[in-house]
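There are 2 protein chains.
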Amino acid sequence: MISLEQVRQQSKIDKMQVAGLIYGSQERAKEIQQFFLDCEKVPEVQTNADFYNWSRKKQFLSKDKQGFSFMKMINNKVDDMEQYTGPMIYSATTNHYGVYLGMVVPAVKILGTDEQIKAWLDDLINIRKAACYAQTELGHGSDIQSLQTTATYDKQREEFIINTPTIQAAKFWPGDLGILANWALVFAQLIVDDKNYGVQSFMVQIRDVETHKPLNGIEVGDIGPKIGYQVKDNGFLKFNNVRIPKFNMLAKYISITPQGNVIKQGDPKISYASMMMMRKLLNTVYPKAAAISLTIALRYSYTRQQFTNDSKIENSIIEYQTQQHKLLPLLANLFAVVLSGNMTSKFVDFNFNEVQNGNFQHMNACHSLLCGTKANYTHFVVNCAEWCRLSCGGHGYAHYSGLPSIYQEHCPNVTLEGENQIMFLQLARYLLKLLKTSQKNPQKIPEQFSLFKKIDQILQFKCDQFQFSNILSLLESSVIHLITQTGMKMMQEIQGGLNPKSAWDYKLGTSLWESANYFIEYYKFVCFQKTILQVTHLQTQVVLTNLLNLFGITILLQNPLTLLENDVVTQQTIKQMKDQYENLLTLIKPEALVLIESFCLADGGLRTTIGRADGKPYEYTYDWALNENSINQMELTSVVNQLKNCRPKL
Amino acid sequence: MISLEQVRQQSKIDKMQVAGLIYGSQERAKEIQQFFLDCEKVPEVQTNADFYNWSRKKQFLSKDKQGFSFMKMINNKVDDMEQYTGPMIYSATTNHYGVYLGMVVPAVKILGTDEQIKAWLDDLINIRKAACYAQTELGHGSDIQSLQTTATYDKQREEFIINTPTIQAAKFWPGDLGILANWALVFAQLIVDDKNYGVQSFMVQIRDVETHKPLNGIEVGDIGPKIGYQVKDNGFLKFNNVRIPKFNMLAKYISITPQGNVIKQGDPKISYASMMMMRKLLNTVYPKAAAISLTIALRYSYTRQQFTNDSKIENSIIEYQTQQHKLLPLLANLFAVVLSGNMTSKFVDFNFNEVQNGNFQHMNACHSLLCGTKANYTHFVVNCAEWCRLSCGGHGYAHYSGLPSIYQEHCPNVTLEGENQIMFLQLARYLLKLLKTSQKNPQKIPEQFSLFKKIDQILQFKCDQFQFSNILSLLESSVIHLITQTGMKMMQEIQGGLNPKSAWDYKLGTSLWESANYFIEYYKFVCFQKTILQVTHLQTQVVLTNLLNLFGITILLQNPLTLLENDVVTQQTIKQMKDQYENLLTLIKPEALVLIESFCLADGGLRTTIGRADGKPYEYTYDWALNENSINQMELTSVVNQLKNCRPKL
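Sequence lines, in order, name chains A and B.
Mapping to numbering that gives the first Met the number 0: the first sequence position 609 is 608, numbers consecutive.
Mapping to numbering that gives the first Met the number 0: the second sequence position 503 is 502, numbers consecutive.
One chain only, chain A, in its complex shape:
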């Protein structure tokens, strides 16, 4: 059997150059690597091997110090999202007060007046006012404008009355609400003199600061167990005509006079910018957790042996084409996700700066790109965890593999901060708009969407003989054909008598979804390709180019119909792609270990027995079962007697 160390030694790539691409620079990569090693020495940030045997209560309490320890390790720079990379990858789970620091604090900063910020920020940032982000209701998530909680202005007392008129209107899902929060930033319909002024946000105290008992008129608690997020106290919250001072409506963009005149001021678009920052976090930090799954699955695939080859020696399972087919396209996709995420991140920062200077012209492009990447990336992380688990046979099903928790902790991201399907539809709407722009004002098309500037050229492209250099053109062609077909279908439905909204909802959903997702795959390829131009080490560039090509071909082969339907390619081209796909698997196999180890993950953060740096899956797995598994300390006599007592006579 070849050892992991031998595989590493036979690699021809410069690992730290690859790490530099992943983390933005080699210096940053080294910092992150050191951070992971430092984490291994801090007891408070570890997840106990026995964690998944525990009750939710015990799990919850075990996390009390983790969040704060991480904050200390990043020198309390909680305002700098880049700092979250290390903690989030290492812990691979949510921390207490994560939503609060990530969403409530920024929202108050952006939507609050100077007086409000002065009044609350210090208490907020020091977790005296521990506030949750109370937006989603039982009956409404994606459709925020239809939230039903009301905030009715009472002129006489200069107060708002916060109320939950129906069961659907109960706040449901906010993180940190169920147990921890004593305040809530509540999103509610503002009603003044029976007129509705839309959804606004209100700071509402919900629990007594000392006793932590709910205040009068408040019903609050945890919503129950979930497939993951055991330690996140997602909560419910009902208001029975709770009064708060007029001061507590966040009032930078909307204010109300004592007499009840509502005044809108400034550009409220900036409120989207704060949501964008949250999605940036989802798009740059969270996807790197997929490297955990792949590190584990790939190491295990080298060390696990099953069935003998024709020399009667047992094969490492990575030798089998089926195993390569499961894992290597995911590895390629991970690089596409991470490298494109890094580029998107820069665009978000650029846009945010522009917005702060009053320039909103990049908002649409930035918003649409974030929607589409969010949907694509979060799905990828979950799907990658799932296939990695499946690639490890029975051991992947065990929590000691470290794989189930990645799946469980990342599932929610598919739904939260914009449900994925809705996100794709938002991008699709923008793409259809660009189709029109391309005819009237092509110069207005943003750089990331520049393929819309050369639609005619793209539509004419044909490819009889496949070469790697064609991949980009083939992806462009797929995107443009898909989106133009969708646009035509839309027109036909409208001409057939449907109004645009009905056509969109009832006839076009799947086409829109497919177009948007394909655009993101194309975008990932472009970013991947641009990024690896920076690589100076020749062998490294060769390997990364193979990986890029594997990614591109995988995407094309997953959905080649559009190309065939439009005579862009022939059946011969497809066959050539398939052959190249199989060749690339063979070429990448020897480098897969070092490629994934360029993420520099530490054993402590992997929480795995089967995917540790030194191999030895069986030794660690047996050791944890024997020594770390509290079920084995259970008093067995009582169990056995209990079972004996209900012994049947069959």
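Worth double-checking, as some hints may not be accurate.
[As the list claims (entries may be wrong)] Short, incomplete list of chain B residues facing chain A, as computed with Cβ under 8 Å:
1. PRO224
2. ASP309
3. PHE448
Since the hints were made in silico from the structure, they are not lab data.
These numbers were taken from a predicted model, which means no experiment stands behind them.
Backbone N, C-alpha and C define an ideal beta-carbon position, used for all residues, glycine too.
Got chain A; can you put chain B on it based on the hints?
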């Protein structure tokens, strides 16, 4: 909003006719329906709403009476697998001693001599000898011939010495072993006079019957937490030269004289028959659990409303094409799985009878079919649970939806009793063999594979204009083209210098996998089509035919490349299929509720708040969060103080 009751009233189908197809007959369907209703009244078989907040220890103990209560409800007919249908669907989880009753008892009956059966069976069946099925080891699962546990015969003492020579050789994963079992049926290499006689099975006592302490030389325990199966004590087991009497080797097909002469006798093929019976269970009972996911997701999709339509009324989310696209093909696939599973089941019974009469001629076909369907069905159940969860937004992520547990409890089936990929390869091997048979002895081709009798005719088939009546021919065409291409690729690789084993392992894996899976999809379609011919009620037949066509088109559109590559269809044909796909979604939508309710599931077995028969997702969800969630009884002051004490000054 339309109520579920209104949707039911508007349905045109005869629900009990459909139920009759699902459960084999209308009488049986009524029995099952009654069984589910009876279950609701038996406290011992319920899963507590708070179950997923509990520690594994508490979860484990809570199940002590469930298995026995179910046995009582089926009048202790534990030998009749058909009886498992009700309990398995209702509980949607594993029960104590399930593996033991399902595998050890049959194995002893089949592999034991009359004396052995006489000596053990009564104790086994009454759970005095609670034995687990100790086959899989840490290092070997799929490759049973390479198991490393040894059973060395000691002539002097007429005993076997059972030993675990390496860490990889430790038994790992057997269900009921970790906590419950006091005996084990151990699979080990039989060594006599230094000669290896292959893997045989041995009855070994591992724990004291009274104290339940491990006997000398035994190390045993639970292997730790998993993504699901919280209440299954999958265990580990290590032997340090443990001695057992010579009598304890199951000896119907192999025996040993006191002097150490090994005698093989009878036809050991019959041992496969017992494994087949287990796979039959996996293929006929377990897939019906996917109806739980779809019942929940479909009911929720009718009651959940989000975003207004052009009349400013909120739409039920089932109205959106994207939601139909997620759920309705799964519904169609469920029927294909269940109806083909029923037909396979009859074939397995027929084969088992033949085998008992010494006729082994159907073994290969039966084995191959079970391998392929096992892999296809178990994947379907997990994938269906996953998409149902995603189709329910945030609520799908909560355990109170009932959806996560289906995913968690069915994940293991993908790996156990034959890892899915290995299963597909077994079927592929048989299909390649049939290719040869078709040339030399076409009359020897079994009925289920009869398309291999008309290969030439199939290869000539073309389809320019798509009609529903072409679906079967298109599926046949895909299968035959795929398998012949794979066969040719195999020949090319061998001609290119690879030996057949290497070609198989390193070059053909993905093609073999794809061919085998496509064959099963074709087989499902055939069985589905045959079954609905029985339907006498016209409207019901119309709706089921739509469902059949939706299933067929979905499969064809998932992988149309083979058809295009071989000029079987044109791009025009594909476009027509896509249009028909969208039409079928619209046609099936109004009947989807009653179609899934033909599985007759009871609310108690769904364990859901969002998918109950009377709708009301919000009322139940809020009620459970408020009243059933033990986390909300947690003493909060201590939690809050704990958090206060580590309050940072940021």
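Quick one: which hint numbers does this structure break? Sort them smallest to largest. 3
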